[in-house]
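Chemist: Knowing the structure of chain X, use the given hints to seat chains W, L and S on it.
The lines below spell out each chain.
There are 4 protein chains.
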Amino acid sequence: MLILMKVGASDAQIDQVCSIIQNRGIEPLILPGEPRRAVGIPASLSHDQRVDLESVLGRLDFVSKITQTSSPFKLAGLEFHPEKTVVQAGNVEFGSGKFVVIGGPCSVESYEQFRKAADQVKAAGATMLRGGAFKPRTSPYSFQGLQEEGLAIMKRVSEETGLATITEVMSADKVEIVAEHTDMLQIGARSMQNFPLLIEAGKSGKPVFLKRGPSATIDEFLLASEYVLNQGNPNVVLCERGILAMDKTYMRNVLDLNSVPVLKELTHLPVVVDPSHGTGVASLVAPMAKAAVVAGADGVMIEMHPDPNEALSDGSQALDSEQFSALVGELRGLAEYCGLRI
Amino acid sequence: MLILMKVGASDAQIDQVCSIIQNRGIEPLILPGEPRRAVGIPASLSHDQRVDLESVLGRLDFVSKITQTSSPFKLAGLEFHPEKTVVQAGNVEFGSGKFVVIGGPCSVESYEQFRKAADQVKAAGATMLRGGAFKPRTSPYSFQGLQEEGLAIMKRVSEETGLATITEVMSADKVEIVAEHTDMLQIGARSMQNFPLLIEAGKSGKPVFLKRGPSATIDEFLLASEYVLNQGNPNVVLCERGILAMDKTYMRNVLDLNSVPVLKELTHLPVVVDPSHGTGVASLVAPMAKAAVVAGADGVMIEMHPDPNEALSDGSQALDSEQFSALVGELRGLAEYCGLRI
Amino acid sequence: MLILMKVGASDAQIDQVCSIIQNRGIEPLILPGEPRRAVGIPASLSHDQRVDLESVLGRLDFVSKITQTSSPFKLAGLEFHPEKTVVQAGNVEFGSGKFVVIGGPCSVESYEQFRKAADQVKAAGATMLRGGAFKPRTSPYSFQGLQEEGLAIMKRVSEETGLATITEVMSADKVEIVAEHTDMLQIGARSMQNFPLLIEAGKSGKPVFLKRGPSATIDEFLLASEYVLNQGNPNVVLCERGILAMDKTYMRNVLDLNSVPVLKELTHLPVVVDPSHGTGVASLVAPMAKAAVVAGADGVMIEMHPDPNEALSDGSQALDSEQFSALVGELRGLAEYCGLRI
Amino acid sequence: MLILMKVGASDAQIDQVCSIIQNRGIEPLILPGEPRRAVGIPASLSHDQRVDLESVLGRLDFVSKITQTSSPFKLAGLEFHPEKTVVQAGNVEFGSGKFVVIGGPCSVESYEQFRKAADQVKAAGATMLRGGAFKPRTSPYSFQGLQEEGLAIMKRVSEETGLATITEVMSADKVEIVAEHTDMLQIGARSMQNFPLLIEAGKSGKPVFLKRGPSATIDEFLLASEYVLNQGNPNVVLCERGILAMDKTYMRNVLDLNSVPVLKELTHLPVVVDPSHGTGVASLVAPMAKAAVVAGADGVMIEMHPDPNEALSDGSQALDSEQFSALVGELRGLAEYCGLRI
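As they're listed, the protein sequences go chains X, W, L and S.
Quick note on our numbering: the first sequence kicks off at 129 and runs consecutively.
Quick note on our numbering: the second sequence kicks off at 129 and runs consecutively.
Quick note on our numbering: the third sequence kicks off at 129 and runs consecutively.
Quick note on our numbering: the fourth sequence kicks off at 129 and runs consecutively.
Next up, chain X with everything else stripped away, as it sits in the complex (with noise of 0.2 Å):
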């Protein structure tokens, strides 16, 4: 931590800084500067110390600015953890070189729905089916999910296709439901910062699938994959599923494919893309799941439905059956330029 002086500060102000970290037992060095001098603080602290540190330092008139020097990820930052994290969700894979593809309907909406999904997931060669039970809407007035009764269709169409599943879980006391029936809890991008539930989430050992909130920083991603991690759980996928936009003329979020690369360089946990609600308009899906591919990305997530037109939620952005295998099938080509499996 560095602790920048107002310009003239005077020494008496400097040992007040000074005196407010040795009180604290720990050791404060001078910097020596012009215009402005400055405290640093060459040992490691906790992230408590740094918080207290940081806030009564801060309310000192004479104190400009004050800078973290170290990481804030401890458990999903690669400084500590440099090799790659494998996550196992059922017979899936995520971070393994194997690239994947996650298809499926953004509700589930009867069993015949789903189960003619599946077998279109399946027949275009994704390998894990995304459905959704609990839904979170902007609106009451929206369709809610089918809850409970989605879980079990997802459980029995899973065991009749084989397929993994992954279906999103909005609260705490429902992650035990949730895992039961389904092979991933998804933590939806409104619930990045839902704390109790990531806890739950980590408690439960099951693998999660954590969405970027559509305004969260980096930082604060990594630091909500740190409350999974911190429970003793490792099994932790990251999905950018795109950042505000300004301007909603023409899609509805920014897809970030930025965050792609940044990501790899800071963790070694697994990313995934989601365009179909990174982007919100059906047109947009394939190329910017290719570009994922090329990017670094260790998957997708894609929306799907069998019959768009009929989609109870969010049919404007799916693809539908045929729209979904062409793009598996160019998904794997370019997968396989790059030099991954699919």
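One should not assume that every hint holds.
The following label-pair restraints were derived from C-beta to C-beta distances [to be verified]:
1. X:P210 with S:K193: 51 to 57 Å
2. X:E464 with W:G136: 37 to 43 Å
3. X:R469 with L:A140: 38 to 44 Å
The hints are simulated quantities; they were obtained by calculation from the structure and are not laboratory data.
Computed from a predicted structure; not experimentally measured.
All C-beta atoms in this analysis are idealised placements derived from N, C-alpha and C, irrespective of residue type, glycine included.
Modeler: Just chains W, L and S, lined up with the frame of chain X:
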């Protein structure tokens, strides 16, 4: 709803749009145009009808754009409820023409600290006491609050001082215990779209203080309030607390005071401003709190701490007792000048 | 400047950083640390030295982060110029403790329209007259202003009414003619980083009214003012006029009133607020103009039109004569309440 | 255009809207609705008619919302110009199915440096040479470029190597001299709405490389291109170079690759991606350049420097000669895989 066709859409394509609408028992109206035609739906649609049609029609290649023509918030909107709502929380009224000042520390740290804060808040002339028992923290390694012990302290201090209290509830399963110990449930900015929590807070009937998410649109904010209202709980106060800052050099968030007059044109619910979290910087709290009075807010929530230098969280934005007391005095004068009571 | 090394950086790598610095005749200082070490530069650097070092050191694999420790604005900053600047434009003073109200239409449309507006502005008690002669328009097919003819009208009306005038100049080659016809040069938000224009405005010595770009950080805003100040022209007034809105449903921009107290802590230059362009909505102008007084602004710029329904541009945010007059009255009362003259 | 009335608008108010429209010689159409009615304008409007009506009608209290129903870009849009445009600049073609790689340093620093860069660019197989002579710099204290001397160097190096060249022009009065010395005029991101410059570039007839402003919407970007096209100059290449980042911790801008397929659906103009400025980080350039190929771009602009550690500006995002050469090789392979030539 208005469905705008692309340039050159054929009669057959117009017919297809009309058929889709008619199949749902709704009568369309063709609107001629140069260079584009459009199809209008004169009838009032339910939310699910809108979502359904938007999904289905939005996928058609020859449809250019779909415009909604009715307000999505039935309960929060002024259209069907033109008179202002007054929300009672303990002995405090929001929206009654009396300007409300809520004060208190970020976290309840001990009985002594919180009682001291309460005495200072009361002495300054503020009427409601805030304090955090469950703390949503970006990092799992930060202080998470005293939790149930904090609630007990809040109840005791409220009984001793007569001040109404408010605290944040972070998950649906804690609504009951928080409701038993305090006068008002705060839904934090990161929980604004935690729908199970909103529903449970709605069911409790307890007054709800709903903070705007940092990236939430006004519509999303009002729709979140609909989740509470829709459970038969009319006691919702809206709180502006800063939107995402592109430039975090000098403030943590951008307090969006514009939202106060905007919300006043749309909803009958009271609107409160939190300049402490809304800016994240102690020196900006006073000017922005005063500006909030003039902009038409029904109250402010101000973070203060009996000894900010010892605060366990967010010390850098808290006012000390003297600053808080001086600010309440200024707010009182300004509110009176503006014809409000305080 | 502080150069933070990555975890595990070797002594040889620390030496390499020190050599690069020493080769430029600057003495580095090694700052020990756990888990990272850092290299500090105690000396005050010129801008080019900083940029140079940042580029060179920023490319080294073993450097984690570079932090600047000195203020980039030498002329606009309070550090080296603590007394407030008063800018005189015609008979109007900015920053003298007298609250300035600038009023007038978006565009100068004709002598009759502009003279009528001027009479209303004067009658309302405002002291400066605005009007656009050169109009920056998003589309080439929109009305581009009367240009030189508009300038002549401005000069005539100014002479007839005694009101000081301000108008936008969009390119360096028009600075001279605009300076001859009006009392103050406005640099529009879209031109905030038109550096040749800033330099020319600086050279003219004429008072400059610099609007913040909608996506400009505070630092970029102040650095733009440095371009003018650096030409020996100290007469710069800063104008907040709204930042980029993520949610454009109810306002065109987000007026960032927080920038007023932030700028007051950083610079000695006067700060004015434009709630008309800052929100883009007529009904938000009055509450936000009043809030600007309380937040510490030195003045406001308000768009009014003698007949808004006939305005050739931006009519939807303009006040009519009565609304404008009522608002000036309210501002006067509020300014007096706040201890300002008007 | 569709004018949506507020709930409860009276027949007289509907009539008032219709009168305003009829007074302009346009025939309105009343669209019944529950709970709101609307007035449609079937005719195609000129831009000024639209702006005029929007201003006048937008001020009426009983009008809720106005929706535009025709595309604002007449020349850039695919609607009236469905065939793709090929832009020729020197011996380089954009949009012809051949993937273009532009390389070169941020600034022309000397003949030796620029010639060396050109040799490396040519050896790597890239076909166009970039370099800055006039540099837009946030601070007036940064290196501003060699200006006219830089142009002369560019011309000499172009003649010696046969490489087509491109450089930025920052003001209207420099268009002529830049056009004489290079093959393509670059309009920088900060100048995207410098309308006098756009008009002058349009008049020159020279090919124009228009960079998207960091906060520009897609519509604003295309409308800026209309300023050039409208002068009778059809030779415009659009360049995506990153939008405003909310999180600047790991990148300077957010390269918005989504804009590539979005623009391809809207315009016939070629689209190029600049991952160097678009991310601001050297290690992100290669993955994002490759992703651009797959997303459908017509080319990339890559910053390279013969010795990045000695660069006078922006060294931290420049590739060195080896990195550049390796990247061009990868791009060639990928372009061929995607069916493009390079």
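Chemist: Indicate, hint by hint, whether the structure satisfies it.
Modeler: Now the hints, each set against the structure:
Evaluation of the 51 to 57 Å hint for P210 (chain X) and K193 (chain S) yields a pass: the beta carbon distance comes to about 55 Å. Checked against the hint of 37 to 43 Å, the C-beta distance between E464 (chain X) and G136 (chain W) comes to roughly 41 Å, which is consistent with it. Between R469 (chain X) and A140 (chain L) the beta carbons are some 40 Å apart, a value that agrees with the proposed interval 38 to 44 Å.
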